[in-house]
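Okay, here's what each chain looks like letter by letter:
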Amino acid sequence: MRDDFQIWVDAVCEQVRFRPDRKGIEKELRIHYEDHCKALERLGYEGPLAAERSLRAMGNAQEVGRALDGVHKPWLGWLWEFSRWMVRGLAMLLVMTMLWSVDWDILIKCTRDELAWEEPPPGTARVELEHGTLWAAPGDVTQDPDGTTVAEIDLWLQRRDPLGTDSTEHYYSSWNEFFTYRDEQGELTVRVVDERTRMSARSRYWRSKYSEERTGWTRCQKTVELVLDGPPRWAEVSYPLSGRDWVLRVEWEVEP
Amino acid sequence: MRLTRGQKIGRNLLLSVLLGAVLYVLLWFPPCTVRGMLDRVERQYLLSDLEPVLVERKSLLYSNEWLSTHFTYLIARSGETYIATEFSRHGLEVRSEWRSLLKMSREVLCMGLDGTLYVAGEFTDAASASMEVTAERTTRMYDPDTEEYNLIIGERKTFTYEGEKAGDALFTFRLRKGTGWDHGGLEEVSREWYSARVIGDTTGARGILHRDLPVRATLYGQDGGVLDTLELAIDNYELHRTW
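Chains A and B, in that order, give the protein sequences. Numbering-wise (this note's numbering), the first sequence opens with residue 1 and increments by one. Numbering-wise (this note's numbering), the second sequence opens with residue 1 and increments by one.
Quick caveat, the hints were computed from the structure, so don't treat them as lab data. These numbers were taken from a predicted model, which means no experiment stands behind them. Ideal Cβ positions, reconstructed from N, Cα and C, are used throughout, including at glycine. Hints should not be assumed to be uniformly reliable.
To be verified - To give an idea of the chain A side of the interface with chain B (calculated C-beta under 8 Å), a few residues:
| no. | residue |
| --- | --- |
| 1 | Leu93 |
| 2 | Leu94 |
| 3 | Arg159 |
| 4 | Leu163 |
| 5 | Gly164 |
| 6 | Asp166 |
Stated by the list, open to error - SDA-like cross-link-like pairs, simulated, lysine to any residue; straight-line CA separation at most 20 Å:
| no. | chain 1 | residue 1 | chain 2 | residue 2 |
| --- | --- | --- | --- | --- |
| 7 | B | Lys8 | A | Pro20 |
| 8 | A | Lys73 | B | Ile9 |
| 9 | A | Lys73 | B | Arg2 |
| 10 | A | Lys73 | B | Leu13 |
| 11 | A | Lys27 | B | Thr4 |
| 12 | B | Lys8 | A | Val71 |
| 13 | A | Lys109 | A | Tyr210 |
| 14 | A | Lys109 | B | Leu27 |
Please take these sequences and the hints and turn them into a complete structure.
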């Protein structure tokens, strides 16, 4: 058998259209009711009389219900429920991603490379591109034991945003992959391997120096080695495939 | 301080935005649309104004995973420059160039995928096209004693295909008649004819050699006359990859 309060509170809750709140409303009304009962009992009222008076003081069930329905608007309630589930879902996704998908080594390296950025020296040749700024400067020129000359070109790229970077780039950094390098003798090829020895076939090619590479979120640095027959005086870096006709020229100081 | 329901909604939405942003960064800003993928390529390779020429999608469910991997293969162009690349999505994670590196060339580009060879270029005036791909049996023998490699060239075979125009910038050439590889067809040959072996090895192990196969595409006008002949090359791995 439902007691009188239960009948009253059920009638109140029926007026509230946002069902998920009904339990909470019932709980709160019950606390009010019981507090009121206890207060009356302290004043000397008998239990049944205190219950009856307290219930009467709670008011008309329909009116109370309608008033509560006005406060517990369904659209607000559902929006709140949705926002709670969204936070929980995203938090769960984040935890799962952090546990299984994120390569923390790469993420840390990327951040470290970003912070280790060294500004290009003043006066370095530069070009403003749509997605970033590119610099090129002459690096060391050394002589290999086989008689070829290795001339380094240092490249810097500062992207306008980090949207051009992804984890694959840390295995294979490719932004200069299709650049063209030329010196006074003409254009250099990409490193070519001899079919028989699997060694580089000849000089006059370029290769990336991976040990010097830094790939940050927006700031990248790398060194390209030009393998030549002799010390160069100058070299030009360009990117005809991009459809833009910029050229970065680097010059080495010739010893007197 | 007790928050009202409206304030709680505001707090939750703010928290969602924050969590979403962290997730987006941790996943390396995954591009979800073709435009997003092309934007990524533009930023990565310092290009601009790429527009899609071909979008091919394939899904694959590995036996040890419960989420499919979705591949998107793209050919795009910007002016006279053409690129071919691929993105793969697994759950929320999107990776570029995971299985094959981006290709970039001027004026014309070809890409092989799942029994079809795609040739992209400026083909507005071309009504039809044919293509010849020449395969040459090639074995690279490695001698562990001398540490030298010897290249043995064997028979040669030319495969001819008729193209189908798929827009002003694309011709497709179907390499197979049915759904599977044709016996002795280009797909099979591109896999079986290119080997890397070690002298003295008794296990029968064989590596598949990467070789560029010469491709000659001939474009015909409305009157059937030859408009142009294009000399291209394609890696044999692209000819036998099915996804």
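Verification of the supplied hints:
The interface hint given for Leu93 (chain A) holds, since its Cβ lies 6 Å from the closest Cβ of chain B, which is under the 8 Å cut-off. The interface hint given for Leu94 (chain A) holds, since its Cβ lies 5 Å from the closest Cβ of chain B, which is under the 8 Å cut-off. About 7 Å separates the beta-carbon of Arg159 (chain A) from the nearest beta-carbon of chain B, less than 8 Å, and the hint is met. Of the supplied interface hints, the one on Leu163 (chain A) holds, with its beta-carbon coming within about 5 Å of a beta-carbon of chain B, less than 8 Å.
Residue-level restraint check for Gly164 (chain A) holds (minimum Cβ-Cβ distance to chain B is 3 Å; threshold 8 Å). Given the 8 Å rule on beta carbons, the hint for Asp166 (chain A) holds: about 4 Å separates it from the nearest Cβ of chain B. This hinted pair checks out: Lys8 (chain B) and Pro20 (chain A) have alpha carbons roughly 16 Å apart, not beyond 20 Å. Note on Lys73 (chain A) and Ile9 (chain B): the hinted pairing holds, with a Cα-Cα distance of about 13 Å set against a maximum of 20 Å.
Taking the CA atoms of Lys73 (chain A) and Arg2 (chain B), the gap is near 19 Å; set against the 20 Å cutoff, the hint holds. For the hint pairing Lys73 (chain A) with Leu13 (chain B), the CA-to-CA distance comes to about 19 Å; that is within 20 Å, so the pair holds. The straight-line distance between the Cα atoms of Lys27 (chain A) and Thr4 (chain B) is roughly 18 Å, inside the 20 Å bound, and the hint therefore holds. In summary, the hint linking Lys8 (chain B) to Val71 (chain A) is supported, as the alpha carbons are separated by about 15 Å, within the 20 Å threshold.
Distance restraint check for Lys109 (chain A) and Tyr210 (chain A): the Cα-Cα separation of roughly 14 Å lies within the 20 Å cut-off, and the hinted pair is therefore satisfied. Between Lys109 (chain A) and Leu27 (chain B), the direct Cα distance comes to roughly 15 Å. Compliance with the 20 Å bound is thereby established for this hinted pair.
Against the hints set out earlier in the document, no violation occurs for any number.
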